[in-house]
Each structure stands twice: as C-alpha cells, then as structure tokens.
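Please work from the sequences and hints to get the whole structure.
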Amino acid sequence: MTLQVCIMTPDRIFWNDQADEIILPTNTGQMGVLTNHAPLITALDIGVTLIRSNSNWNPVALMGGFALVKQNQVTILVNEAESAQTIGVDEAEIAFQEAKTKLEQSQGEKQRVEATFVFKRARARYQVVKQL
Amino acid sequence: MQALSCKKALGSVQAFTARPQTSVKRANLQVVAVSIKEVRVRIGSVSNTKKITEAMKLVAAAKVRRAQEAVVNGRPFAENLVKVLYGVNQRLRVEDVDSPLVAQRPVKSVALVVVTGDRGLCGGYNNFVIKKTEARAKELEGMGINVRLICVGRKGGVYFRRRPQYNIESTFEVGQQPTIKEAQAIADDIFADFVSQEVDKVELIYTKFVSLISGSPVIQTLLPLSPSGEVCDINGNCVDAAEDEVFKLTTREGQLVVESEQVRTATDDFDAGLIFEQDPVQIVDALLPLYLNASLLRSLQEALASELAARMNAMSNASDNAGELKKSLSRIMNRKRQARITTELSEIVAGASSV
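Protein sequence lines, in the order shown, are assigned to chains Z and U. The numbers in the UniProt record's numbering rise by one with no breaks, and the one at position 1 of the first sequence is 1. The numbers in the UniProt record's numbering rise by one with no breaks, and the one at position 80 of the second sequence is 80.
No lab work stands behind these hints, which were simulated from the structure alone. Glycine residues also receive a C-beta, built at the ideal position from the N, C-alpha and C atoms. What you were told as hints is all true, and nothing was included just to trick you.
Every beta carbon over 12 Å from chain U, so not counted as near; a handful from chain Z, in silico: (1) S53; (2) G88; (3) F96; (4) Q97; (5) R123.
Here are the simulated DSS-like cross-link-like pairs (lysine-lysine), alpha carbons at most 25 Å apart as the crow flies: (6) K102/Z to K181/U; (7) K181/U to K130/Z; (8) K108/U to K110/Z; (9) K51/U to K327/U; (10) K120/Z to K102/Z; (11) K120/Z to K181/U; (12) K51/U to K37/U; (13) K138/U to K108/U; (14) K100/Z to K120/Z; (15) K50/U to K37/U; (16) K327/U to K37/U; (17) K100/Z to K181/U; (18) K181/U to K110/Z; (19) K83/U to K70/Z; (20) K108/U to K132/U.
Here chain Z is said to cover these stretches of chain U; the calculated rule only asks that three of the stretch's residues, wherever they fall, bring their Cβ under 8 Å from a Cβ of chain Z: (21) 78 to 85; (22) 173 to 183; (23) 192 to 201; (24) 277 to 284.
Given below as structure tokens:
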C-alpha cells in the first residue's frame with residue numbers, strides 16, 4: 001500500500017505520484033505521514049516537503065497552503081511549488097542571502113511583511129538545493 | 001498594354017498637331033498617370049493591412065483557446081479549495097475567524113487594482129476599464145476616501161502615470177499568459193497593504209469574459225474576504241464560492257461563439273473523525289491567502305480572454321473595412337483608367353480626322 005500524493009497550484013497540478021512516506025512542513029512543525037494515517041487536515045508553512053519513494057527522498061519547496069490526508073490520499077494545495085530541477089544552486093544561495101539582509105534592514109510594518117515572505121521563500125528554495 | 005500603345009500613337013500624333021495642343025495633352029496625360037499609380041500603391045498598402053489584421057485575428061483566436069485551457073487547468077485547485085473551505089467553516093463559528101484578511105474596518109483608504117492589456121489594437125477594451133476606474137476613483141474621493149491605484153498591464157500604467165492626480169502605488173506587467181508568479185506578486189502587494197492597515201479595502205476592476213462581442217468591466221471586492229469564500233461585487237451582490245462559470249470558445253454553425261456553463265462544486269461535510277492538526281481558525285488563516293491567489297489568477301485569466309476576444313473583433317472589423325476600402329479604391333482606379341483610355345482614343349481619332 002502506498003500513498004498517492006497530489007500537489008496542486010492555482011494554475012496546474014504540480015505533482016501526482018505514489019510515495020511511501022511524506023514529511024510536511026506544517027505551521028506547528030515537521031510532520032511525517034505514512035500509509036494508513038488517520039484522516040487529517042493541516043496548514044502548511046512556507047518550507048520544504050520531503051517525499052520518499054523506496055529510499056529516494058525528493059525535496060519540493062512549497063510556498064504555503066494546506067494538506068489533507070484521507071484514505072492514503074494526500075492532497076496538498078499550495079500557492080506555488082518548486083522542485084530541485086528548476087532551481088539553480090548559486091542563484092538560490094544569492095537570493096537567500098539578499099532576502100536575509102533585506103529582512104534585517106526592513107522598516108515599517110508593510111516592508112517587514114513583504115520582506116518576511118520573500119525571505120521564507122528564498123530559504124525554502126535554498127533548502128531544496130542544499131539537500132542535494 | 002493599351003496605355004503604352006496609346007502613348008506611341010500620341011507621339012506620332014504630336015508630330016502632326018500644333019504645339020500648344022500637344023503640351024496641354026501631355027500635361028493632361030501626366031496628371032492622370034500619376035494619379036492612377038498613387039491609387040494602385042494605395043490599394044497595395046490597404047491589401048497588406050488587410051492581410052495583417054486577418055492574421056492578428058487568427059492569432060488572437062488561437063490564444064483564446066490557450067487562455068481557456070489555463071482556466072480549465074486551474075479548476076482542480078479551485079474545486080478542492082472550496083470543498084475544504086466549506087468543510088472547515090462548518091467546524092467553526094464565523095465570529096471566531098480572526099484572519100487578518102477578513103478584518104472589516106471603517107474604510108478610509110481603498111486600493112484599486114486595474115487590469116488592462118499590454119498592447120492596443122483591441123477596440124474599446126482598455127478604454128472601458130480605464131473609464132470605469134476613473135469614475136470609481138472620483139466616486140470614492142467624493143466620499144472622502146483616499147484612493148491608490150495598482151496598475152496591472154502596460155496600457156493602464158501609461159495612462160494613469162501621465163495624470164498626476166492619481167496616486168499609483170505600483171505597476172505590473174502580465175505578458176503572454178498570467179502565471180502564478182505574477183498573481184503571487186500582486187497578491188503579496190495587496191496582502192501587505194491590507195494587513196499593515198495602509199488600505200482598508202481592495203477592489204479589483206477587470207473585464208469579465210461574457211461573450212465574443214461584449215465584455216463589461218466589473219468592480220469586485222477582493223479584500224476583506226468573507227470567511228466562506230463568497231465573491232462580492234461593490235453593490236454587495238455575492239456569489240457563492242461553490243458556483244462557478246466556465247467559458248468555452250466553440251463553433252456553432254461556422255461562427256465562433258462563447259458558451260458558458262454553470263458548474264457547482266459538490267461540497268459534502270467532512271468526516272467526523274477528521275483530525276485538525278491546528279485550530280480550525282488557524283487552518284482558515286492558511287486557506288484564505290490561497291483563495292486570494294487563486295481568485296486573482298482567475299480574474300487575470302478572464303481579463304486576458306476578454307482582451308483577446310476584443311482584439312479578434314477589432315481586427316475582424318478592420319479586415320472588413322480594409323476589404324471595402326480596397327473595393328472602392330479599385331473602382332476609382334478602374335474608372336480613372338477607363339477615362340484615360342477614352343481620352344487617348346478620342347485624341348487619336350481627333351488627330352486622325354484632322355489629317
């Protein structure tokens with residue numbers, strides 16, 4: 001028995017494949033889901049999810065959303081998702097450092113909110129390529 | 001061919017007729033000849049224009065198909081989101097939801113997101129949206145409310161930038177197809193504005209894709225959201241999130257038409273045993289930004305489809321006009337040509353008979 005993982009973004013279905021295990025970056029910490037998990041709904045923070053098939057771990061950066069687990073079907077709806085193939089290592093690292101400095105230098109509520117978003121996203125993308 | 005032989009004949013006639021007559025005839029001939037050539041050149045350019053406008057119409061028609069596909073691709077996301085939103089809403093009371101995105105405040109400042117196209121040649125499309133925006137801005141300022149503009153699409157940006165009485169916060173360009181990245185950028189901007197309380201309401205002005213012929217700009221309230229995901233326009237008319245209208249460009253009796261069908265998403269209750277990893281309120285908090293993104297993307301896609309339909313219409317009209325112009329120009333040219341031939345013949349006859 002395996003899990004059927006379906007990741008959807010507003011413009012397309014990003015990932016629809018079988019997996020043995022998935023680790024979700026929820027708002028309240030990392031959470032692992034194996035087969036036959038009880039039905040569950042959880043909000044997802046901007047971070048990296050790890051999907052395991054046999055012993056291969058696939059990292060995917062998720063930009064916030066939620067996940068619904070029901071009868072071995074994991075449905076993940078996120079704003080945006082990126083897998084390792086589309087992220088360049090150097091570019092991700094540079095973007096991460098830039099976002100970090102910008103967040104530290106931001107002033108005012110609005111700037112801080114925007115900078116936090118950008119930072120979290122850059123960090124998620126950087127974590128995906130750093131794993132490899 | 002005839003023209004050349006006439007000229008030769010005239011040349012021989014020249015030798016026989018008096019000088020003043022010759023020069024008058026020559027002047028006459030030259031005026032007529034230049035005019036015909038000009039008309040011919042004009043006909044050539046008009047028929048080129050017609051080819052271009054026909055091609056633009058076909059390109060726009062092909063792009064509408066792509067825009068349709070984009071809307072269809074986005075439906076699984078929207079359906080699942082609505083299902084979960086309904087299910088979660090049943091587990092909590094409306095008063096409990098305290099996401100920053102549903103906060104209703106007394107309105108002192110409004111952000112208007114204006115969706116226009118990047119290019120012209122689409123009839124009245126851009127103009128209608130711009131006029132509607134100006135009217136709305138005037139209305140709001142008359143009520144003492146501060147207005148700031150977020151322009152999506154180059155045409156709107158260029159127009160409002162030239163008018164200093166409008167406060168433009170930011171401009172975005174959409175490009176060939178609205179992607180999730182662009183929708184996210186715009187959503188981030190209005191999210192930050194709203195959450196930091198710099199604006200109290202965000203309205204979206206875009207053109208709904210109604211039919212190939214008409215497209216009417218509507219004003220929709222983007223923020224504050226309603227916890228159940230209802231989509232409201234400024235007059236307070238709300239549409240259930242589960243009801244959706246999907247449009248389709250098809251052919252009927254050889255004509256391109258737009259068909260739209262109402263689709264209703266099945267919203268059944270959640271399992272009683274469903275574990276909420278976080279509070280239902282927190283989960284709604286995570287769902288609403290998704291909802292904002294998805295509906296913004298959907299509106300951008302519809303606006304693009306409307307723009308393409310308007311361009312198809314405008315180019316089709318332009319092609320028809322070019323065809324008619326070409327016909328009337330050809331008629332003028334032929335008449336001129338025949339008049340010239342008649343003149344030359346009559347001169348030859350006159351010259352021959354005088355000998």
